[in-house]
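Protein chains in written order, with my numbering: chain A, 113 to 417; chain B, 275 to 917.
Think of the hints as simulated: they come from the structure by calculation, not from any bench. Errors might be hidden in some of the hints.
For lysine to any residue, the following SDA-like pairs were computed, each having C-alpha atoms within a straight-line distance of at most 25 Å [as the list claims (entries may be wrong)]:
(1) B:K398 <-> B:D345
(2) B:K641 <-> A:T141
(3) B:K757 <-> A:L139
(4) B:K757 <-> A:L137
(5) B:K713 <-> A:H307
(6) B:K447 <-> B:A389
(7) B:K647 <-> A:Y242
(8) B:K882 <-> B:D667
(9) B:K309 <-> B:G478
(10) B:K652 <-> A:G240
(11) B:K399 <-> B:A417
(12) B:K757 <-> A:G239
(13) B:K647 <-> A:G240
(14) B:K804 <-> A:F163
(15) B:K472 <-> B:D345
(16) B:K652 <-> A:F383
(17) B:K347 <-> B:K399
(18) B:K713 <-> A:Y242
(19) B:K355 <-> B:L331
(20) B:K654 <-> A:G240
(21) B:K757 <-> A:P326
(22) B:K713 <-> A:R318
(23) B:K654 <-> A:R142
(24) A:K358 <-> A:N267
(25) B:K472 <-> B:R901
(26) B:K641 <-> A:E302
(27) B:K641 <-> B:D724
(28) B:K757 <-> A:R142
(29) B:K757 <-> A:T141
(30) B:K652 <-> A:G239
(31) B:K662 <-> B:I617
(32) B:K472 <-> B:D371
(33) B:K641 <-> A:G240
(34) B:K757 <-> A:I250
(35) B:K536 <-> B:Q877
(36) B:K757 <-> A:L325
(37) B:K641 <-> A:R301
(38) B:K713 <-> A:G239
(39) B:K546 <-> B:I617
(40) B:K757 <-> A:R322
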Amino acid sequence: MSLESIGVSPEISERPKSRKRTSMLTLYTRRFLRNRGALLGIVILVLLVLFAIIGPLISPYSHTDLDFLALRQAPSSEHWFGTNGSGNDNFAQVAVGLQRSIMIAVLVAVGTTIISAIVGATAAYFGGAYERIMLVIIHFMMVVPNFLILAMISNDAGGNWLVISLVMIFIVGWFFPARIIWTLSLSLREREYIHAARYAGLSGMRIVIRHMLPNIGSLLVINFTLGVVTAVLTETSLSFLGFGVKLPDVSLGALIGYGSSTLVSAPWLFFFPAAALTLLTVSMALIADGLRDALDPTSAAGGRA
Amino acid sequence: MSTVLSVRDLKVSFPSEAGRVDAVRGVSFDLEAGKTLGIVGESGSGKSVTSLAIMGLLDDNAKISGSIMFDGKELIGKSDKQLSVIRGNGMAMVFQDPLTSLTPVFTIGDQLIEALTVHRSMPKKQAWARAVELLQLVGIPEAERRMKAFPHEFSGGMRQRVVIAIAMANDPKLIIADEPTTALDVTIQAQILELMDKAQEETGAAMMIITHDMGVVAKTADDVLVMYAGKPVEQAPVRELFYRTRMPYSIGLLGAIPRVDKTEKVPLIPIKGNPPLLINLPDACPFAARCPIAIDACLQREPELLPITTEGHTNHSVACIRANDIDDDGMIGGLPVYPVPEIPESPLTRTPREERPITLEAVNLSKSFPLMKGALFKRKVGEVHAVKGISFDVRQGETLAIVGESGSGKTTTLLQIMDLVPQENGDIRIGGKSVADIKNRTEERELRRDLQIVFQDPMGALDPRMTVWDIIAEPMFAIGMSKDDAFDRVEELMGLVGLDPAHSDRFPQAFSGGQRQRIGIARALATNPKVVVLDEPVSALDVSIQAGVINLLDELKSKLGLSYLFVAHDLAVVRHIADRVAVMYKGSFVEHGDVDQVFDDPQHPYTKALLSAIPIPDPDIERTRERIILPVEGFDASAVAAN
Numbered sequence: 113m114s115l116e117s118i119g120v121s122p123e124i125s126e127r128p129k130s131r132k133r134t135s136m137l138t139l140y141t142r143r144f145l146r147n148r149g150a151l152l153g154i155v156i157l158v159l160l161v162l163f164a165i166i167g168p169l170i171s172p173y174s175h176t177d178l179d180f181l182a183l184r185q186a187p188s189s190e191h192w193f194g195t196n197g198s199g200n201d202n203f204a205q206v207a208v209g210l211q212r213s214i215m216i217a218v219l220v221a222v223g224t225t226i227i228s229a230i231v232g233a234t235a236a237y238f239g240g241a242y243e244r245i246m247l248v249i250i251h252f253m254m255v256v257p258n259f260l261i262l263a264m265i266s267n268d269a270g271g272n273w274l275v276i277s278l279v280m281i282f283i284v285g286w287f288f289p290a291r292i293i294w295t296l297s298l299s300l301r302e303r304e305y306i307h308a309a310r311y312a313g314l315s316g317m318r319i320v321i322r323h324m325l326p327n328i329g330s331l332l333v334i335n336f337t338l339g340v341v342t343a344v345l346t347e348t349s350l351s352f353l354g355f356g357v358k359l360p361d362v363s364l365g366a367l368i369g370y371g372s373s374t375l376v377s378a379p380w381l382f383f384f385p386a387a388a389l390t391l392l393t394v395s396m397a398l399i400a401d402g403l404r405d406a407l408d409p410t411s412a413a414g415g416r417a
Numbered sequence: 275m276s277t278v279l280s281v282r283d284l285k286v287s288f289p290s291e292a293g294r295v296d297a298v299r300g301v302s303f304d305l306e307a308g309k310t311l312g313i314v315g316e317s318g319s320g321k322s323v324t325s326l327a328i329m330g331l332l333d334d335n336a337k338i339s340g341s342i343m344f345d346g347k348e349l350i351g352k353s354d355k356q357l358s359v360i361r362g363n364g365m366a367m368v369f370q371d372p373l374t375s376l377t378p379v380f381t382i383g384d385q386l387i388e389a390l391t392v393h394r395s396m397p398k399k400q401a402w403a404r405a406v407e408l409l410q411l412v413g414i415p416e417a418e419r420r421m422k423a424f425p426h427e428f429s430g431g432m433r434q435r436v437v438i439a440i441a442m443a444n445d446p447k448l449i450i451a452d453e454p455t456t457a458l459d460v461t462i463q464a465q466i467l468e469l470m471d472k473a474q475e476e477t478g479a480a481m482m483i484i485t486h487d488m489g490v491v492a493k494t495a496d497d498v499l500v501m502y503a504g505k506p507v508e509q510a511p512v513r514e515l516f517y518r519t520r521m522p523y524s525i526g527l528l529g530a531i532p533r534v535d536k537t538e539k540v541p542l543i544p545i546k547g548n549p550p551l552l553i554n555l556p557d558a559c560p561f562a563a564r565c566p567i568a569i570d571a572c573l574q575r576e577p578e579l580l581p582i583t584t585e586g587h588t589n590h591s592v593a594c595i596r597a598n599d600i601d602d603d604g605m606i607g608g609l610p611v612y613p614v615p616e617i618p619e620s621p622l623t624r625t626p627r628e629e630r631p632i633t634l635e636a637v638n639l640s641k642s643f644p645l646m647k648g649a650l651f652k653r654k655v656g657e658v659h660a661v662k663g664i665s666f667d668v669r670q671g672e673t674l675a676i677v678g679e680s681g682s683g684k685t686t687t688l689l690q691i692m693d694l695v696p697q698e699n700g701d702i703r704i705g706g707k708s709v710a711d712i713k714n715r716t717e718e719r720e721l722r723r724d725l726q727i728v729f730q731d732p733m734g735a736l737d738p739r740m741t742v743w744d745i746i747a748e749p750m751f752a753i754g755m756s757k758d759d760a761f762d763r764v765e766e767l768m769g770l771v772g773l774d775p776a777h778s779d780r781f782p783q784a785f786s787g788g789q790r791q792r793i794g795i796a797r798a799l800a801t802n803p804k805v806v807v808l809d810e811p812v813s814a815l816d817v818s819i820q821a822g823v824i825n826l827l828d829e830l831k832s833k834l835g836l837s838y839l840f841v842a843h844d845l846a847v848v849r850h851i852a853d854r855v856a857v858m859y860k861g862s863f864v865e866h867g868d869v870d871q872v873f874d875d876p877q878h879p880y881t882k883a884l885l886s887a888i889p890i891p892d893p894d895i896e897r898t899r900e901r902i903i904l905p906v907e908g909f910d911a912s913a914v915a916a917n
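The shape of chain A in the complex, shown without the other chains:
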């Protein structure tokens, strides 16, 4: 790409007719799709989502059906992923559990990323009393024993997944990332292009959204993926302890917790949900990598269109 500098006042030979301009979105998509790993991640994720949606429909059994003739059976043509000790079909259970886990994970990750980004960046940009109050809240939340509160509330709520997700967003998830985003945004606020935007007459909120957030984009993407992974793992720990989603509802965590106790006698009960969990986190990591490179002008894509 050789750019030649132009003299003081060149004549523009002719005006380009078309008004088409590569929009940011098409640009990002094009760059994202160039990344092999990211494509693989997308493919895996799509397959997992399809499995979670279509799996329960094509399975001859629902995840609550009990087949007393097939207790703790290995995978067969009858039960594709085998059955557990009570005769539940493992295929249906993994599909439904994955569905539940993806819903929790995505909801929590999106929620925490949005809240932490907005709180952190606005606190840094606007400053003053608002910043001080937000920081007090963040610092207070950091010393509260979150996991205990989460366990208590989710137990009281009877394992309702929506309640668990909301609690995970507001009590566990958002303040550590918010604190990091705040420190990063503090230095961003003093950049000249932020001043330039302010002197151009943009409102504070627009500066935060148009200039500050995109420039911490890679951090947000990493936060999002880590958020998905932690959400799945937190939910897994909760279910493992017995505070998570309750029967008849299942999640990957509950299945893994159950399967790990029969790892030797009935390994299929552990390996199928564990494989689904691994694929989910790996695909998220690949996608995040691709997103970061696509959004970051200084990455290997090097600001190329």
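Please arrange chain B on chain A, whose structure you already have, making use of the hints.
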């Protein structure tokens, strides 16, 4: 005179992801004791790498070949340990940034004594005495007491003095100074250059000064080496180089610098294009693409650095096949090597100043920062007056320059205006509208339309996540322009500042420094403002690029009838671009008036000192000039009344 340093065919290359970077491609020179060699070039020309290679301070991954003979010893191929002994006893280096070249946790005395004792044994008492002596030598008052001070208690200029004292500590045979004054204010720069002269006299050392400032070269150097794309392109004694320049690149460099001592306004001569990347260079003259007199033969093979005979009858070598055709005035075949660009005359200049409308007016502008004390409950214990009630007006089509050194309050003044801060006992009026009357955001936005800014750092001022189109269009959307109008306007603006509108969906990284600054200017012009505030718009650019941007600003001013409020520390640029000038010192204007009046007949002692401190790129003038040097510390020019 003995030859201290003899470099032959020095080549340095680094591996990089894009391929091998040939940073230095064959440098040869001899340096005698007591002489000074100036190496000039733009960023990326390989001048710093040359000096680091001589010091043996390059990374392990650098491949160095050729020969460096220092004091009869070959340096290339020596281990770091062996080099360290040679360096410690014979070479010294003065770096660019005095703020980072001293260790903050040790006292000045400790660092001086360490430099004295690390390579030779010396009793403690004697080392202390010598250290104090050195500090006195470099002009630090109360040296005995200052030995126990830490670096942060010293100003930038004082620290550079200490660095020079450390460099002198071991009676070096060679002192290498890499941009020793670039980070300093001009008055301090003059002092430091004077001091380096003294240091050289005292130690009898040979000196290598690396700089991009032709004025510094004219002042200090005996011989000059002009580097371009890793190779010397012209080498000559200083007077010969300045008065009988033969290489088009050197001619361009000299033509591109505004002169503080020139009254008439002639457009500067920019060198078009950018320096080449040093990867896989073809066997052609590397300057050919930017050279106005390039011919086909220039692209055949790279010219050697060959001696040339001129009327000066000295050792003069040039790497240009057309060098013999060029004469002393930079003319070739009766025509100048560089065609002089034409800047259109503004119709406004014909109207007398008093009849033109005032576009920006500041009345009794002040700003003070509170001094706070206490950890938990802060209380105010005093005030620092950064700006002390200054007043000025800028009329249509004119440029007011505010000049001052760091800490003079010029940036604070700018921020007060840009932030539209209501003044307690004064006012800021833009196009006749007072900032005190702003009631809501709509009115503020309306006012911002007329007031735009161009920043100093061409990279930092453009959001790296946005395309050029989005950057330029942003102010238009802020004032509610429709998308269709914005399309027209962005195209128009990019053409106006000399960029190709087809490049509008690239990101800022894809552009060079000068082009980025043009993008910044296009953004400032987006809303068709009356006043453009220019905050050091060219100080981060190389000279050849700087000239193009200055010409563009000149042209835009006359084309669009803009008013500029120009803030700078470079008086030469100010002289070139400004109509009126205000000299700021410690928060107030010490002198304010027409540019020619202030520069030709300065009244205030601070203005005089400032003007005399600027090195002029002309060795004869520069070396015979009388210099007014401000006392080192504790001098308050504002206390001296203007006469």
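Evaluation of the provided hints:
1. B:K398 <-> B:D345: violated (29 Å)
2. B:K641 <-> A:T141: violated (49 Å)
3. B:K757 <-> A:L139: Holds, at about 19 Å.
4. B:K757 <-> A:L137: holds (17 Å)
5. B:K713 <-> A:H307: Roughly 22 Å separates the two Cα atoms, so the pair holds.
6. B:K447 <-> B:A389: Distance of about 15 Å is within 25 Å: holds.
7. B:K647 <-> A:Y242: Given that 25 Å is the threshold and the Cα spacing comes to 23 Å, the pair holds.
8. B:K882 <-> B:D667: holds (24 Å)
9. B:K309 <-> B:G478: At roughly 9 Å apart (the allowed maximum being 25 Å), G478 of chain B and K309 of chain B satisfy the hint.
10. B:K652 <-> A:G240: holds (15 Å)
11. B:K399 <-> B:A417: holds (15 Å)
12. B:K757 <-> A:G239: violated (33 Å)
13. B:K647 <-> A:G240: holds (19 Å)
14. B:K804 <-> A:F163: Violated, at roughly 63 Å.
15. B:K472 <-> B:D345: holds (22 Å)
16. B:K652 <-> A:F383: Given pair K652 of chain B, F383 of chain A is violated - Cα atoms ~61 Å apart, limit 25 Å.
17. B:K347 <-> B:K399: violated (33 Å)
18. B:K713 <-> A:Y242: This hinted pair holds, its Cα atoms lying about 23 Å apart.
19. B:K355 <-> B:L331: OK: K355 of chain B and L331 of chain B at ~12 Å, within 25 Å.
20. B:K654 <-> A:G240: With Cα atoms ~18 Å apart, K654 of chain B and G240 of chain A stay inside 25 Å; holds.
21. B:K757 <-> A:P326: holds (22 Å)
22. B:K713 <-> A:R318: Holds. K713 of chain B to R318 of chain A sits at ~21 Å (cutoff 25 Å).
23. B:K654 <-> A:R142: Judged against 25 Å, a Cα distance of about 56 Å means the pair is violated.
24. A:K358 <-> A:N267: Distance of about 9 Å is within 25 Å: holds.
25. B:K472 <-> B:R901: Holds, at about 16 Å.
26. B:K641 <-> A:E302: holds (20 Å)
27. B:K641 <-> B:D724: holds (23 Å)
28. B:K757 <-> A:R142: holds (24 Å)
29. B:K757 <-> A:T141: holds (23 Å)
30. B:K652 <-> A:G239: holds (18 Å)
31. B:K662 <-> B:I617: Answer violated: K662 of chain B to I617 of chain B is near 38 Å, above 25 Å.
32. B:K472 <-> B:D371: Distance of about 21 Å is within 25 Å: holds.
33. B:K641 <-> A:G240: holds (20 Å)
34. B:K757 <-> A:I250: Violated, at roughly 41 Å.
35. B:K536 <-> B:Q877: holds (19 Å)
36. B:K757 <-> A:L325: holds (23 Å)
37. B:K641 <-> A:R301: Holds, at about 22 Å.
38. B:K713 <-> A:G239: Given that 25 Å is the threshold and the Cα spacing comes to 22 Å, the pair holds.
39. B:K546 <-> B:I617: The hint holds at about 16 Å.
40. B:K757 <-> A:R322: Given pair K757 of chain B, R322 of chain A holds - Cα atoms ~17 Å apart, limit 25 Å.
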